[in-house]
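Chains as they are written, first to last, in the numbering used here: chain A, 214 to 463; chain B, 106 to 389.
One should not assume that every hint holds.
In silico BS3-like pairs for lysine-lysine, Cα to Cα no more than 25 Å straight-line [unchecked claim]: (1) B:190 to A:388; (2) A:393 to B:213; (3) A:429 to A:388; (4) A:396 to B:190; (5) B:190 to A:393; (6) A:388 to B:371; (7) A:272 to B:133; (8) B:329 to B:133; (9) B:173 to A:275; (10) A:393 to B:225; (11) B:184 to A:275; (12) A:388 to B:170; (13) A:388 to B:225; (14) B:213 to A:396; (15) A:435 to A:272; (16) A:279 to B:170; (17) B:133 to A:221; (18) A:223 to B:327; (19) B:141 to A:388; (20) B:389 to B:371; (21) A:396 to B:225.
Just so you know, these hints were derived from the structure itself, not from any lab.
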Amino acid sequence: MSLFEGFKFKSIQSPIHELDPRVKLAISFSIFLISMMYIEIQISILLLIIQLPIAYTAKILKEWIKSLSSSLFLAAFVFFMNIGVSFFSSGYMLTIFDIYNALALSIRLITLFTAFSIFLLTTTPDELGLVMTSFHIPYDFTFAFIMAVRFVPVLVGELQTILDAQKSRGLEIEKGNLIKRIKNLIPVFIPLLVNVFRRSIELAEALEVKAFGASKKRTNFKELKMDLIDYILLIIIIIISIIAIYARFI
Amino acid sequence: MKNFQVFLGGILLIEVNNIEYIYPSGIKALDGINLKINNGEYVALMGENGAGKTTLIKHFNGLLKPTKGDVYINGINTKNESIAKLSRIVGIVFQNPDHQFFEENIEKEISFALRNFGFKEDIINKRIEWALNFMNLEKYRNQPPFLLSGGEKKRLALAIILSWNPEIIVLDEPTIGQDYIQKEKLMQLIIQLNTQGKTVIIATHDIEFVAESKPRVILLSKGKIIDDGPIEEVLTDIEKIKKCSLILPQVTQLMYNLSDLDFPRKIVSVEDAVKLILNKLEEK
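Same shape as in the complex, but just chain A:
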């Protein structure tokens, strides 16, 4: 559950929170792009270190570290998978290069994870919707996406309540062999599923009441506006990305 903590929007005031969400997306995306082009560990680590001052300015250092530590498990998985694959495919041999490669891939994963966690931690679901609208994505899809993001913490909370209720009825989730443990999940997931269905019906009714989709052209209460600082940052990001692409391919 701590996995979600690193991606849940945190409502605080900081210079980063005030940036245009498209610029923030550009930052995360350029980190994604550069780390995909370069396999070198130094570059991945540099990209990771660059995020530190950004997270610090956004006052989300604690959450950023949380998303980093929750990605470690996945990174370890990637590392051992790669080692395993190269070990067995090369006839039970491991070279330094194989280990370097596996390490680079797992560090790259951490970089990607944390880069997008900065974006999601500093962008409200509403702003996320505005970004998608500004890319001309139909509002129906945008809305479904926002709702999905918005309901993750609600579901996590509900899961905890259900777990509490079933534990109070003597359910011991972590007891028994593998089959028993899988069976133990039934009393947890059925109530969760039932509640999700019930909630979706309520949501649909609420949308109906508020005349969702009545007009083809929507207006927004909040419009996205690029300030001077946004333009400056965007230009810097584009220049860095172009240099990175140039250095890699040409």
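Fit chain B to the supplied structure of chain A, relying on the hints for placement.
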């Protein structure tokens, strides 16, 4: 059952020793709670939204372990015992019954907990019969729990807890969404369980319900106990009641307004008020 303590004649069942609880998000929900509840007591926990009532209740069967301090149930420290073992002694009925039903019919729903606690098959059947009968749910025995009405779901949730006969029964907001008749029945049930020697604890905002059923009242506000004692003392203290976002019981409000005529203020029940008013009328 060996190391129970004797306290004021009754057997000490719940002992909360200066506990503090801080949620992972950093919110301090409980702050220096000290509490002793004896065998056979009927206690109402009252307080505003977010006062810490539910957080405190969750400490009674070990769902939450205190950040600081200790909770003892029947002499057992909750830190050293599993939730399942503690739940055998402390049955908690949560606010929303929809958060637990999953079986295809009500009989199976009741038997789930009994099986978890390792009861024998013939005893399980007897207990199901008893619980269905006691909560007046026999006619629904083969129905899925999802199709019951709101009030029936609440009754089923209570039947589930009563089926394994725990010594302490805790009800979180039992009166929400219940009509007057159901509330009246619930009150009778609580009194019945209490006279049978069960310890009953309810957490509620429903001051009229509390005023009528006359428990010991514990007032919680912002994670602290601000008052604890007999109902006539606690629920008639207007300052403390206000602190908990509650208002005085209607009977007490009446007596406050009549206090110019030398009526006492510390009255919560209709019968007492009627007696006093009739006496006054006869004097004149």
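Against the structure, the hints:
no. : hint           : result
1   : B:190 to A:388 : holds (13 Å)
2   : A:393 to B:213 : holds (18 Å)
3   : A:429 to A:388 : violated (54 Å)
4   : A:396 to B:190 : holds (20 Å)
5   : B:190 to A:393 : holds (19 Å)
6   : A:388 to B:371 : violated (53 Å)
7   : A:272 to B:133 : holds (22 Å)
8   : B:329 to B:133 : holds (11 Å)
9   : B:173 to A:275 : holds (24 Å)
10  : A:393 to B:225 : holds (20 Å)
11  : B:184 to A:275 : violated (29 Å)
12  : A:388 to B:170 : holds (20 Å)
13  : A:388 to B:225 : holds (20 Å)
14  : B:213 to A:396 : holds (15 Å)
15  : A:435 to A:272 : holds (24 Å)
16  : A:279 to B:170 : holds (23 Å)
17  : B:133 to A:221 : holds (21 Å)
18  : A:223 to B:327 : holds (24 Å)
19  : B:141 to A:388 : violated (33 Å)
20  : B:389 to B:371 : holds (23 Å)
21  : A:396 to B:225 : holds (21 Å)
Consistency note: the structure conflicts with the earlier hints numbered 3, 6, 11, 19.
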